[in-house]
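Enquirer: So the protein lines, in turn, are chains A and B.
Once you know that position 206 of the first sequence is 233 in this note's numbering, the rest is easy, because the numbers rise by one and skip nothing.
Once you know that position 114 of the second sequence is 110 in this note's numbering, the rest is easy, because the numbers rise by one and skip nothing.
Honestly, the hints are just simulated from the structure, not real lab data.
Note that the coordinates shown come from a computational prediction; the quantities given were computed from them, not determined experimentally.
This list has only true hints and no planted wrong ones.
Covered stretches of chain A (chain B as the covering partner; in silico rule of three or more C-beta atoms under 8 Å from a C-beta of chain B):
{"id": "1", "stretch": "32 to 43"}
{"id": "2", "stretch": "80 to 87"}
A few chain A residues facing chain B, derived, Cβ under 8 Å:
{"id": "3", "residue": "ARG68"}
{"id": "4", "residue": "THR72"}
{"id": "5", "residue": "GLU73"}
{"id": "6", "residue": "ALA75"}
{"id": "7", "residue": "LEU76"}
{"id": "8", "residue": "PHE90"}
{"id": "9", "residue": "SER92"}
{"id": "10", "residue": "TYR205"}
Simulated pairs of lysine-lysine, BS3-like, Cα-Cα distance not exceeding 27 Å:
{"id": "11", "chain 1": "A", "residue 1": "LYS187", "chain 2": "B", "residue 2": "LYS145"}
{"id": "12", "chain 1": "B", "residue 1": "LYS172", "chain 2": "A", "residue 2": "LYS187"}
{"id": "13", "chain 1": "B", "residue 1": "LYS54", "chain 2": "B", "residue 2": "LYS28"}
{"id": "14", "chain 1": "B", "residue 1": "LYS161", "chain 2": "A", "residue 2": "LYS187"}
{"id": "15", "chain 1": "A", "residue 1": "LYS176", "chain 2": "B", "residue 2": "LYS145"}
{"id": "16", "chain 1": "A", "residue 1": "LYS187", "chain 2": "B", "residue 2": "LYS28"}
{"id": "17", "chain 1": "B", "residue 1": "LYS145", "chain 2": "B", "residue 2": "LYS54"}
{"id": "18", "chain 1": "B", "residue 1": "LYS145", "chain 2": "B", "residue 2": "LYS172"}
Just so it is clear, CB atoms sit at the ideal spot from N, CA and C, and this is done for glycine as well.
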Amino acid sequence: MSCSPFDLRDYFLQELADPQQRRQVESHIAICRTCHEELDRLHMTEAALFTLREEEIPQRIAFVSDKVFEPSPLRRWLAGFWNSSARLGFASAAMLSVALVVFAATRPAPAPAPVPTATATVNTADIEQRVQTAVDKAAQAIEARYDAKTTQLVNAIRQKDLRERRLMTASFDVQSNYLEHRLQGSETALRTLRGGLTQAQLRDAEGEKQ
Amino acid sequence: MIFRAVEDADLIRQAARGNVESYNLLISRWEKRVYNYLLRITANREDALDLTQDVFLKAYQNLRKLDNPERFAPWLYRIAHNEAYSMFRKRRPEADVDEMEPVGTELGITVGGSSVFPIELSLAVASALERLSPEQREAVVLKIYQGFKFEEMSEILECPVSTVKSRLYTALELLKVELAPIQARGLS
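Only chain A is shown next, with the shape it has when bound in the complex:
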């Protein structure tokens, strides 16, 4: 049973979305030998599973459009229209139009608006300053957003690279273990063969003496 603060399997399967939680697990793995070994076992199992490679599809799939069965362009447009979000927009617009017509027909005529006595003075410099401030603010927000996005991408690439390296290391471990075992098996077979040969030679020598 793992003593990790969060499920080690969730961490291994990239299902811990919170970076804080991932960091906690990583810190724990660095000091806990049991969890470190458990994570290694999971990586080895994954590496073994990946020895089964994807196969190419034996026959490519493609559909051919047959003009006989195709609906006319008008029907296709209508079908596309009624199956899209435009349908909702069209219905909303129609309802709004009806509501406006009803409102206009039933509403009493409005009283004439009072004539303004004075004209407000427009300060052009003030408006320009406000526009400039708003533009600066928007530019800063965009820059901040791009910075955050870049950092996020760099972190994601680093994580992926780390994972691939781990997987590759685990794959090499699996292969080296396998080859080592095969070598040991060959050596044992060779020793047995040599032992058998020696005994046969001894028997031959004894036979010659007799």
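Starting from the known structure of chain A, arrange chain B on it as the hints suggest.
Expert: Frame of chain A, contents of chain B only:
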């Protein structure tokens, strides 16, 4: 002029309007993955190929019902899952689908032209996968080989995330035990 990659969502929208070429392009992006998913759960190449064709035909017929093109992958795999289990049911209608095992044992025969792994290891892995229950195997295929998130797997398999996790974790425990001798000692 602005160049940008054609997203799956663009192709889905065009295909839903009857553009067959867009749909063919979409197929070319997904057919290998869907075929390998079906191959792993049916363990039979012919069945996997037939089912892959059925899946893409059914997907085309129902493309307009896909509300959110971003959810295309789980939606497509849900169709693939249903088609595979429908085939299992047709073949053995009297049996419980949950208890069914794949008919063939072709998994792992092909290691891949450029594979650096010993073929025995691949066969041992294939054998270990076959010893899992169909649900456990499917969970491993969807997570490890196809890289889906738990939420997406829950959508594909139409079961709660807790069930998905339980199947996957049990499968991983079994695989760890099954493959440990290979990893530690090699094949005998």
